[in-house]
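Assembly of the complex is requested from the two constituent chains, each provided in isolation within its own frame, with the hints serving as guidance.
Quick note, the sequences are listed as chains V and S, same order.
Last residue of the first sequence: 307 (my numbering), numbering continuous.
Last residue of the second sequence: 241 (my numbering), numbering continuous.
Honestly, the hints are just simulated from the structure, not real lab data.
Each statement offered as a hint is correct.
Once the Cα atoms are required to be at most 27 Å apart in a straight line, the calculated BS3-like pairs of lysine-lysine come out as:
#1 V:218 / V:303
#2 V:303 / S:121
#3 S:38 / S:139
#4 V:297 / S:229
#5 V:303 / V:213
#6 S:132 / S:38
#7 S:121 / S:139
#8 S:229 / V:303
#9 S:38 / S:121
To list a few chain V residues with every Cβ distance to chain S over 10 Å, as calculated:
#10 49
#11 53
#12 69
#13 105
#14 119
#15 128
#16 135
#17 154
#18 179
#19 183
#20 204
#21 234
#22 255
FRET-style restraints, in silico, Cβ to Cβ:
#23 S:128 / V:92: 39 to 49 Å
#24 S:174 / V:278: 46 to 56 Å
#25 S:142 / V:228: 37 to 47 Å
#26 V:82 / S:59: 46 to 56 Å
#27 V:278 / S:143: 28 to 38 Å
#28 S:143 / V:92: 21 to 31 Å
Glycine residues also receive a C-beta, built at the ideal position from the N, C-alpha and C atoms.
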Amino acid sequence: MNGINPWLQTHWDWRAAGNFITGGCGSGLLLITAVATLRGGPVTELTLLSLALVLVGLALVWFELGRPWRFLHVFFNPHTSWLTREAIVAMPLLALGLAAASTGWLSLLWIAAIAGIAFLYCQGRILVAAKGIPVWRTPRIMGLILTSGIAEGCGVYLLVIPWLEPETMGEIYPALLTLLLILIGGRLAAWWAYRDSLKDKAPKAALEVIDRSSSIFIAVGHIAPTLAVMLAWLFPEARLVWGVVAGVLAALAGWFIKTVIITRAAFNQGYAVEHSPARGGGKSGPGTKPGWE
Amino acid sequence: MSRWVMVADLNRCVGCQTCTAACKHTNATAPGVQWRKVLDLEVGEYPDVSRVFVPVGCQHCAEPPCMHVCPTTATRQREDGVVTIDYDLCIGCGYCIVACPYQARFKVTDPTQAYRQKRMPQEWKNEQPERLGVAQKCTFCSDRIDHGLVNGLTPGIDPEATPACVNACIADALVFGDIEDTSSNVSQLLAENQYFRMHEELETEPGFYYLWDSKSDKNEWDSGREA
Chain V
15 MNGINPWLQT
25 HWDWRAAGNF
35 ITGGCGSGLL
45 LITAVATLRG
55 GPVTELTLLS
65 LALVLVGLAL
75 VWFELGRPWR
85 FLHVFFNPHT
95 SWLTREAIVA
105 MPLLALGLAA
115 ASTGWLSLLW
125 IAAIAGIAFL
135 YCQGRILVAA
145 KGIPVWRTPR
155 IMGLILTSGI
165 AEGCGVYLLV
175 IPWLEPETMG
185 EIYPALLTLL
195 LILIGGRLAA
205 WWAYRDSLKD
215 KAPKAALEVI
225 DRSSSIFIAV
235 GHIAPTLAVM
245 LAWLFPEARL
255 VWGVVAGVLA
265 ALAGWFIKTV
275 IITRAAFNQG
285 YAVEHSPARG
295 GGKSGPGTKP
305 GWE
Chain S
15 MSRWVMVADL
25 NRCVGCQTCT
35 AACKHTNATA
45 PGVQWRKVLD
55 LEVGEYPDVS
65 RVFVPVGCQH
75 CAEPPCMHVC
85 PTTATRQRED
95 GVVTIDYDLC
105 IGCGYCIVAC
115 PYQARFKVTD
125 PTQAYRQKRM
135 PQEWKNEQPE
145 RLGVAQKCTF
155 CSDRIDHGLV
165 NGLTPGIDPE
175 ATPACVNACI
185 ADALVFGDIE
195 DTSSNVSQLL
205 AENQYFRMHE
215 ELETEPGFYY
225 LWDSKSDKNE
235 WDSGREA
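Isolated chain S, as found in the complex (with noise of 0.2 Å):
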């Protein structure tokens, strides 16, 4: 069976947010809502200070902590790990979002629109009415994989069966594919190269791996931490 991840290599990550473009423009999302998103973030003390840029959103967990809290089971895991919402079930009690370490999960209660007098055409035209005073995060963009899987594509190679976000990373940063594959695209990158997941002590098992330097380049920081 597959299990789906992302890779995000924060040495190729330069914070552009065409990923973060990308997925509001293939999900519709509303004003203030970001499925993916890139933080920058500021390492270090001065004068030796660096940015870092990090893709977040839904770590698709394998052990999700919103589906557990869920008390209508809206939030369920596919077996190919994708975490997904029913928004026919949900009731927007919110406690998925208070449960997220990750802060991936939105809820909007009354439509939103980006200019606040007038509704844009193509707001009306994406209206998503199903998604009001609901839980909502990202989706792997399953309807891609799904639709991809159906006409023998493979996600993460081709990009009509890829998450929206990968494949407008200018930088090739982000990658997608499958882990319980050991030859994927995916797997490859995780053999090469160190990585973490991101808050590994809450237990979570996160499906999102950050890259952050090969495996042949063992930096000085890191022996000199062991030693």
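Just chain V, same shape as in the assembly (with noise of 0.2 Å):
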């Protein structure tokens, strides 16, 4: 039985964790996938690999669910819930990213885009409106959720990229390995703005999990990606080598820190007493609200 202190949910365990990861991985890359473009990056076998990782994702909460043979209804709450917008947002992502990977469209690819882009959206606001979990509602989870899936996509488009068009690399990679520092960088922001936030608003244990992931999610998702792309720029014939550990360690330090937030820092709101009461002839006084203090 649980006790008073905040305990840690387990109804959203590994299966929730792994559809904001490959959800937001797949949205972020198709993302990745249309700016390429610009540079003359190929579409159908990224654009592919995106959707794959978002339907790995939407698979992955059906494990969840209690009752998965009535999936349909999810789509029954557009008004208020996030979780069927996100439902909804998936069908234009899926359909469009297909008709786009068919035909080669450049038009169909950015549209299906920006259905990424809500998607990823849709995931930060499912956190948003989870109010019974401290650590997921607040609003500047969204920056993270947002930076960290283009972060993550970008990262995954390095690992990739050499080994499906070499011949086209050598134009975009150097941009792409630009755009991967400013990604890491705005996440990392995020991600200050983002522990700022949770001071004095979550349970103590909640905020020793994210204090301890933090470092290695800096380090690990940043500073070393970072250097990383410095070595690739300073040695050209090494580029290759260093972009993709880049590309690796960015994604993964994303992958890590969803895992972390939503299954190993998820501790509920728990209970709290504004007053204790007076009863009998005794006197009231001050509440408590334990695992807080």
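Here it is, written out as structure tokens:
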């Protein structure tokens, strides 16, 4: 039986985290694929990979449902539920992405990429609306979800493109490395803003998990990729290796921090009393908020 | 229109958990599921320490976050403020569970029993297959309210129309009634006593009020704080 201190929620486990990881990364990859077409980047394979990632995320959510065969009910509440909105946005995202991959039409790809950003936005709002979990409900998590999803997508692009299109790589790679630096810079700023917003706004146990993970996230997801990008610029002959290293680390760190936030730091609100009662001839006094002091 | 609310007098609650047992008995909840329970909190620092017993459960919020996030519209709010779950619509996504800041919702995916090896006769009798894999929580015994109203009874006054936990309370610590009616039992209690609602800063407007002192005896601690 649970006690009086906030405890770790277990209803959204690794499967839910998986949706935020692959769905976010897939949306980000779709946007980067569209952006990279400005320098002649390929469309079909990377678009299909993006869609596959989004689909894996949706499948993971399906596996988490208590009544999976009622899944169509998820579309019933577009008025207020961001989960419904995410599911609705996924439809044009998948359809347009598939159409773009099969026809190669860039206009379709750009519209699909915009749907991907809407999908990512829904993911952030899903967390903000979860009022029972203090480390999710802060609006500052939006910046983190958005920047991390796009940075992860950029990281996966850097990993995949050398094997996919070695001949066009020379055109795209330097620009993508710069873009990755900008994205992880934005993500780092979003992370600091997010952590700052949790000050006195989350249970002690949750903050301990967040702070323990912070240094790993910053080192692996930001400092190390920045160094790798610098090495890629300094040693053009080894640019590919360092680019891949930077991309993989940027993506892995995003997946890591999402796993931490969804499954490890997700302590619930717990209970609180504003005042203790007078009871009998005694005197009333201050209240308590177990697990927060 | 009525707005049903619960009042818990913290001065009276002795933490006996009779309400918890009455709720389980009435609603046949699975092992580990407690739609109503009483917290045993320790307040203060040694040597000035006291215990506070706090009944908790679904707060039937006026702005229920569980309802807003529900993708299926399974969670709804009646005109009288009672928040309900349609087990046939719910897909068991668990979103409402993480959206509730009162830890009031549960999900049981597999049939459970009190004794691991053997299912007891009453567990066969009270099987609730519709509750498996979906969200569940306190209903304010809405079936009792509705049945009572149809038969001309007053919820909170007539036991047949009152939630089981309130009926069972040995100390009259739990009181149920219509807050829209200024002459109701709950309205009078709130007029005569100082009260708070849990996690009010989250703007859920809970329908569960905790009395902590009478208004006439404004306590020293509070006066000191105001000064």
